[in-house]
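Quick mapping for you: the protein sequence lines, in order, are chains V, F and D. Taking my numbering, the leading residue of the first sequence gets 1, the next gets one more, and so forth. Taking my numbering, the leading residue of the second sequence gets 380, the next gets one more, and so forth. Taking my numbering, the leading residue of the third sequence gets 660, the next gets one more, and so forth.
By construction, these hints were calculated from the structure, which means they are not laboratory data. Hints may contain errors.
[Claimed, not checked] Facing chain V, a subset of chain D residues (Cβ under 10 angstroms, in silico):
#1 M681
#2 D848
#3 E851
#4 A852
#5 A853
#6 R862
#7 I867
#8 L945
Every value quoted in this text rests on a predicted model; they were computed, and no experiment measured them. We treat Cβ as the ideally placed atom computed from N, Cα and C, and that holds for glycine.
Given next are the chains, with one letter for each unit.
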Amino acid sequence: MAKVSIQNVSKSFGSTPVLQDVSLEIEHGELVVLVGPSGCGKSTLLRVLCGLEEIDSGTLRIGDDIVNGKPPAERGIAMVFQSYALYPHMTVYRNMAFGLKIHGADKAEIERRVMDAAKVLHIDHLLQRLPRELSGGQRQRVAIGRAIVREPRLFLFDEPLSNLDAALRAKTRIELARLHRDLAATMVYVTHDQIEAMTLGDKIVVLHEGRVQQAGTPLTLYQQPANRFVATFIGSPTINLLLARVIELAEPGVRVQLGNGCKFLATVDSTGLQVGESIEIGLRPEHCEVLTGDRAPGVDDAALDAEITLVEHLGESNLLYLKTDDGQELVVRGDGNAAVRLGDSVIVRAAPEAMYLFRADGSACPRLRPGNMRSAHAS
Amino acid sequence: MAKPMHKAAPGRLFVHLSLLGYLVLALAPILLVFMNSFKERSAIFDNPLAWPTPESFSLVGYRKVLARSDVWLYFGNSFVVTVASLFFILLFGAMAAWALAEYRFKGNRWLKLFFAFGIMVPIRLGTVSILQTMVSLGLVNTLTALVLVYVAQGLPLAIMILSEFMGQVPGELKDAARCDGIDEFRIFFQVVVPLIRPAIATVAVFTMVPIWNDLWFPLILAPSEKTQTITLGIQQFVGQYATDWNAVLAALALAIVPVVVLYALFSRQLIRGITAGAVK
Amino acid sequence: MKQGFSWRVLVFITPALLIYAMFSALPLLDTLRLGLYSTDDTGVRSFSGLANYATILNDPQWSASFWNAMLNNLKFFGIHMLAQNPMGLLLAALLSLRNVRFAAFYRTAFFLPTLLSVVIVGFVWQLILSPLWGVSERLLGWIGLADWFAPWLGLESSALITLSLMSVWQYVGIPMMLIYAAMIAIPEDVIEAAVVEGASPWRIFWQIRLPLILPTLGLVTILTFVANFNAFDLIYTVKGGLAGPNYSTDILGTLFYRTFFGYQSQVASATMGAAVATLMFLVILLGVAAYFLLVQRRLQRFAL
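Please take these sequences and the hints and turn them into a complete structure.
In C-alpha cells form, the structure reads like this:
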C-alpha cells in the first residue's frame, strides 16, 4: 500500500476548467472519499489518478514515484467502475484473471490469487458464470475481485454503490468498510452521496467546481465546516440558514440580530468580524428544539416565533417545517412523540454553541465549542 | 472527453494513412470518370489522369448522350418505378408490421416467419415463374410488373424493421387513444405512423437504392425501349457505344450524379439507419 | 398487444401478404415445382421427376457447366471473405476509434461505391483496367510495377479474381457499416477497464473488441454468402451472358440466366432453368441453415 500525494493539479477540457489547483495528501492505508455535487470534478480527479486522463499541470505521486505521464498499468492501481465494466464475453474467472495474464503471471499463481479473492468476496461458486447471468450485487463483487487480485498499491472506486438498490447499498457499504480494514489498503472512493462519504471515509474531501472546499474527518466537516458550501453539503436534512447582522462582538462569541429583531449569541470566533456586517447564521435541524408548554428559552438562546407548515413523521423523530414571522423557512428535527400539529405557533429554540456563522464570502468563523452537540430535545 | 489515442489504439499516423489510402481507392475511379467525361477524345487518351484544361474541355460526350431523347424517358421510368414501389412498400409494409406487432392472433408467429424467409432467400430464384405469371397477366414490358416485383422484394425487410420500431411505441399511448374511442385505423395512421417516421425514412432510403440500381428485373420483365430503366439503359448504351469513349464516360457520369446528389442529401439518415438496424 | 383476430387485422395484413405471396413466395415454390418438369422439342411440358437434376449432375456437358459455375461461385465467395470482410473490419475498427478527425466524412465517402449501380461499377473499372486506355498501366508505372500489368479482365486465369475484386471494391461499405455499428456499441468503460489492467491496443482489439463483434461477423458472413450466390449483374455487365473468357467467370447466376433464356447455341429452357434455380436455392438454404443451427447459437455468448 502506498501514500498518495496530489500537488497543485489542474485540468481543463478545452476551455472549461475542471480541476483548479487541487492539492491533497492521502496517507498509507487511508480510505479517502471524494464527494461533491455533479460536475464538481471528483470523477475527473479519480480518472487523473488512474491515468485515464492526463493533467495539465501539477504533480501526482503514488508511493515515491511521480506518476503523471505514466500509463495506468505502470502506476500500480486498480479501479472499480461505476457500471462494473466486466468483460461481457468472459467468465468471472477469466474476468479476474485477465489483468494477471497480461503481466505474465503463471497459471498456478493466477489460480491462487483468483480463488483467494473469490472466497473473500463469496463469489467462488460463480466463477464459471458469465456477467449477464449475475445480479447487480454479484457483478459488483466481481469488479472488486478483479481489482483485488492485482494487489495494487492504490484502489480507486468510482461511485460503486450508485447502481445498487437501497437495501443492497447499505449492506455493501458495510462490506466495503470491512474489506478496507482487512486489506489495510489505500483507497480513493468517489460518491455524490454524503451519507456514504460520512460512514465510509477516514477522510472526506469535499469538492466544488474543481476546487477542494475542505478535507478532514467526517466529524470535522460536520462540526467545523470551512465554508457555507461544506456546511450545506454535509448533514441531512440540510442546515438551516438565516440572514442576520452582527450587532456586538462579545468575547467569547458574537451577538447577532435576525431580520425580525430576534437577538441571540453565537459562540464563534469573532476574529475579522465587523459590527453591522451582514452574515448568515447556520442552525442544524437536529440542534433546534420546539419549546412546548412552560419551557422558556435561555437568555442568550435564539428564540424564534414560527408557524408549523408541514410535519413529516419518521417514527422515532419527526421533521417540522416552519416559517418565521418575517418569512424565513426552517426545518427542525423533533421528538416523534411530541404533540405538534400543522398550523401551531411555536417557539424554536437553539443554544449559542449550536450556531454556525458564515460571512458574506461564504467562509465560516470557527465555532468555539463545537463539541458533540447533544440533540436539543434530549436534554 | 478527449483521451489520448495511444492508450487503446494504434498511432494516429497509421490511422490516417490507412483511411486516406482507402479514400483514394474508393473515390478515385469515380473522380476519374467525371474528369474525363469533360475532355476531348484525344485528351482522354493522352492524359487520362489530368484535369480537363481549357483546351481539352469538351461536352461532346454529354451532347451525344442527351441527344438521345430516351435518356429522359429512362430516368422517368426509373423514377416512377422507384417512387411507386417505395410508396407501396411503406404503406403495405407498415400496415402489415402493425398487424404483426400489435395484435395477438393465431398464426401471427407463422406469418412473421413467412415474411422473414423472404429476407434471406433471393426473389430472383423465382424468376421463371414470375415471368410466366406476368405473361399470363399481360404485364410483360410494363412498369407495373416491375413495381409488383419490387414491392414483393422489399416487403419482408421493411416489415421486420418497422414492426421492431412499432413494438417500441409506448402501450399507454395506444391504450389512451382506444379509451378515447378512436378506431384502430385512425390509431394506426394518426398516432403510430407519425411516431415511427425516422424508421420509415430509414427503410425508404435503403430500399430505394437496390430498386434504382437493379438490372435483373428490368432486363427480364421490361426490356422494351419504352419501359427501360436508366440502369438497363446505361447497360445497353455502353454496350452499344463501347468505342465511343466520350459518350460512354458522359453516360456513366450522368448515371452517377443522381446517386451522389441524393446521397449527399440523405447520407446521415442512411447511415444512421444502417447502424441502428444492424443490431438486429 | 390486443387480443383476437378481427377483420381489421385482415385489412392490415392482406395487401402485403397478397403481393408477397403472389410475386415472391409462390413463384419460388412454383420454380421448385417446375424443376420437376421437362420440356421436349415441341415445347410441351411433362412431369419428369428428378430427370433434370440427373441431367445437370450426370450429363457431361451440363455437369461440367454446373460444377464450373459452382466452383467459380465458391471462388467468388472466397475472395469476398478474404478481401471484403477483413477490409470492412479494418476500416470499421479505424473509424470507431475515438478522436479520429473527419471520421464522419470518411464513413460517408467509403459508402459511396455501394450506392452506385453495379452497371456503373462494372463499366468504370472496365475502362480503368482497359489496356486501350492505359490508366492502370500508368498508375502501376508510378510504383514501378508497369511490367506487371496485363489485361486481367480478358485473361482466363485472372478474369474471375478481377471481377471479384471489383465487387469487393463496391461492397466493402456494407460490412464496414455493420461492423462499425457493432464496435461503437461496445461500452467505453469495458475498454477503459482493459486499459487500466495494462492491455495493449493490440490485445484490446483481439481479446476484447473482436470477440464482442463476433455475432456481427457471423451475420456479415451469411449476408455475403447469400449475396454472392445470388450474384449476376456485375458479370453480365462486364462479360455478358456467356461469362467468358471461356466460362471462367461463369457463376450460378449467369448459368441460370443462360439456361433460362438461352444464349446463342444453347436453347432456352424454362424447366432446366427452374432446376438450376432450385439448386441455387438449395445451396443458399444450406448456408443459411448452417448459419442458424451451427453458428448463430454459439455466438450468442458474445452478445452484449
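Output the numbers, in ascending order, of every earlier hint that fails for this structure. Hints 1, 8 are the ones this structure does not satisfy, whereas the remaining hints hold.
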